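Input sequences plus hints: build the corresponding full structure.
Protein chains: 2
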Amino acid sequence: MAHFSYDDIDKMHHLYRINLINSCSGYKSANLIGTKCKKGISNVAVFSSVTHLGSNPALLGFFLRPTTVARNTYDNIKETGCYTLNHIHQSILEDAHHTSAKYHKSISEFDTTILEEDYIDDFYAPFVKACPIQLAMSYVEEYPIKVNNTILLIGKIEQLYVPDELLQKDGFIDLSKGEVATINGLDAYAVPNAHRRLDYQRPKPEFAINND
Amino acid sequence: MAHFSYDDIDKMHHLYRINLINSCSGYKSANLIGTKCKKGISNVAVFSSVTHLGSNPALLGFFLRPTTVARNTYDNIKETGCYTLNHIHQSILEDAHHTSAKYHKSISEFDTTILEEDYIDDFYAPFVKACPIQLAMSYVEEYPIKVNNTILLIGKIEQLYVPDELLQKDGFIDLSKGEVATINGLDAYAVPNAHRRLDYQRPKPEFAINND
Chain A
45 MAHFSYDDID
55 KMHHLYRINL
65 INSCSGYKSA
75 NLIGTKCKKG
85 ISNVAVFSSV
95 THLGSNPALL
105 GFFLRPTTVA
115 RNTYDNIKET
125 GCYTLNHIHQ
135 SILEDAHHTS
145 AKYHKSISEF
155 DTTILEEDYI
165 DDFYAPFVKA
175 CPIQLAMSYV
185 EEYPIKVNNT
195 ILLIGKIEQL
205 YVPDELLQKD
215 GFIDLSKGEV
225 ATINGLDAYA
235 VPNAHRRLDY
245 QRPKPEFAIN
255 ND
Chain B
45 MAHFSYDDID
55 KMHHLYRINL
65 INSCSGYKSA
75 NLIGTKCKKG
85 ISNVAVFSSV
95 THLGSNPALL
105 GFFLRPTTVA
115 RNTYDNIKET
125 GCYTLNHIHQ
135 SILEDAHHTS
145 AKYHKSISEF
155 DTTILEEDYI
165 DDFYAPFVKA
175 CPIQLAMSYV
185 EEYPIKVNNT
195 ILLIGKIEQL
205 YVPDELLQKD
215 GFIDLSKGEV
225 ATINGLDAYA
235 VPNAHRRLDY
245 QRPKPEFAIN
255 ND
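Order-wise, the sequence lines are chains A and B. Numbers 45 to 256, taken from my numbering, label the letters of the first sequence in order. Numbers 45 to 256, taken from my numbering, label the letters of the second sequence in order.
Treat the hints with caution; some may be incorrect.
Copies of the same chain look alike in the list, so a pair counts if it works inside one copy or between any two.
With a straight-line Cα cutoff of 25 Å, these simulated DMTMM-like cross-link-like pairs (lysine to aspartate or glutamate) come out [claimed, not checked]:
#1 LYS248 <-> ASP119
#2 LYS200 <-> GLU186
#3 LYS122 <-> GLU186
#4 LYS83 <-> GLU123
#5 LYS213 <-> ASP52
#6 LYS221 <-> ASP231
#7 LYS149 <-> GLU123
#8 LYS190 <-> GLU123
#9 LYS221 <-> GLU138
#10 LYS190 <-> ASP119
#11 LYS122 <-> ASP162
#12 LYS122 <-> ASP51
#13 LYS248 <-> GLU160
#14 LYS82 <-> ASP162
#15 LYS83 <-> ASP155
For the record, the hints were derived by calculation from the structure and aren't laboratory data. Since the model is a prediction, treat every value here as computed from it, not as a measurement.
Right, dumping it as structure tokens:
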């Protein structure tokens, strides 16, 4: 068993640390965020921090740093109030991952990869073609995170597009059927090919006496 | 292709909506959060929103609602300043999922499931025995999310325990080797059995001229 204390983590080589800490929280979502500045230059970047915040209203959040590759994404969202989320299918893993390269803001990752812009229902921000699930998002609010200068950006789901074959009768979207990826750490992509759905859980009767 | 607008989502049956919206953001982390109140009653609950916030300092965040099952977790963390994160192994899926049942705060989920408390290095909050990755966390700060009354709670990694066989030379933790689960929606658990690691990405030379 390996054991790392706070001090060990603080003192370790930074490359070892980013691999270790990025992979210690569990599996992460694998999304491409599509944006476009007012001048019309589009941008697409891979994010692994998109998180469910609530269903009613339907809200998703993600974290970004103002000082890294995420700058273009953040600036474009602030300029236009909109962005898209696109699930990474296993057929585009390499190109999706390549969007983590730090290109100048005048260059669109749609030009440097096989990823193709897709415009749906006049939404300003570009979707990524052939992604199994696509969401049109509008900016709601943001929270500067004091402790490490990141930003939590919260958006509202304006439009959601899902292939019929992934959608079950009760609203559940079957990501494994969509061959959607999940991210482990900074650079590992897994594509689960099955899952088990479990029932809604209620307290066991023998402990119900104390249940309110 | 199914298409849902904001209004469609707003008007749909609430059970359909929670399934749809909870599964539309992609795969989620599968963690058990262990806590213990000052009186000594332990608690363990499944969470799917644990997210990487930064490596230096090593910070993770998660979202909770003050008014749901998460109340015990939140109260205990506020009382004691500490909690544990434990990755869900495929052998404990049912019992991990059962911690989503709403038990009275006087009842420990360690008593209602096969999950066993584990105390390591005198940390006050209970770990979950046999979980492949275990983290001791301390409370750092929280952000009330105005738009839907959830809370983002941020913690610092105090201790990290990883089996040697999951740890690669560069610090990467191989979750698939650990048979760690990922969550799709509210109730589906997948256990990826492989992954592909991709290289660190730099801009392609033909686009380098505009790169800063």
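Should LYS83 paired with GLU123 be assigned to within, between, both, or neither, using CA atoms and 25 Å as the limit? The answer is within: 10 Å in one copy meets 25 Å, while 51 Å across copies does not.
Could you place LYS213 and ASP52 in one of the four classes (within, between, both, neither) given a Cα distance threshold of 25 Å?
Between copies only: 16 Å across, 49 Å inside.
Within, between, both or neither: LYS221, GLU138 at alpha-carbon 25 Å = Close inside one copy (20 Å) and across copies (22 Å); limit 25 Å.
Exercise. Indicate which option fits the pair LYS248, GLU160 if close means a Cα-Cα distance not exceeding 25 Å: within, between, both or neither.
Key: Between. Shortest inter-copy distance 17 Å satisfies the 25 Å Cα cut-off; intra-copy 51 Å does not.
**Asked** Is it within a copy, between copies, both, or neither that the alpha carbon of LYS82 lies no farther than 25 Å from that of ASP162?
**Response** Within one copy only: 17 Å inside, 54 Å across.
Go through the copies and call it for LYS190 and GLU123: within, between, both or neither, with a Cα cutoff of 25 Å.
Both: 23 Å inside a chain and 22 Å across chains, each within 25 Å.
Next on the checklist: For LYS190 and ASP119, with the copy left unspecified, which applies at a CA distance of at most 25 Å: within, between, both, or neither?
Outcome noted: Both: 20 Å inside a chain and 23 Å across chains, each within 25 Å.
Fill in: Within, between, both or neither, where LYS221 and ASP231 count as close if Cα-Cα is 25 Å or less
both (23 Å within a copy, 16 Å between copies)
* Evaluate LYS122 and ASP162 at a C-alpha cut-off of 25 Å and name the case that applies: within, between, both or neither. => within (21 Å within a copy, 46 Å between copies)
(Q) Checking an output row: LYS122 and GLU186, CA cutoff 25 Å. Within, between, both or neither? (A) both (10 Å within a copy, 24 Å between copies)
Status of ASP119 relative to LYS248 across identical chains (alpha carbons, at most 25 Å)
between (50 Å within a copy, 23 Å between copies)
Query raised in the report: When no copy is named, should LYS83 and ASP155 be tagged within, between, both, or neither for a Cα gap of at most 25 Å?
Result: within (16 Å within a copy, 60 Å between copies)
Comparing the model with each earlier hint shows no violations; every hint is respected.
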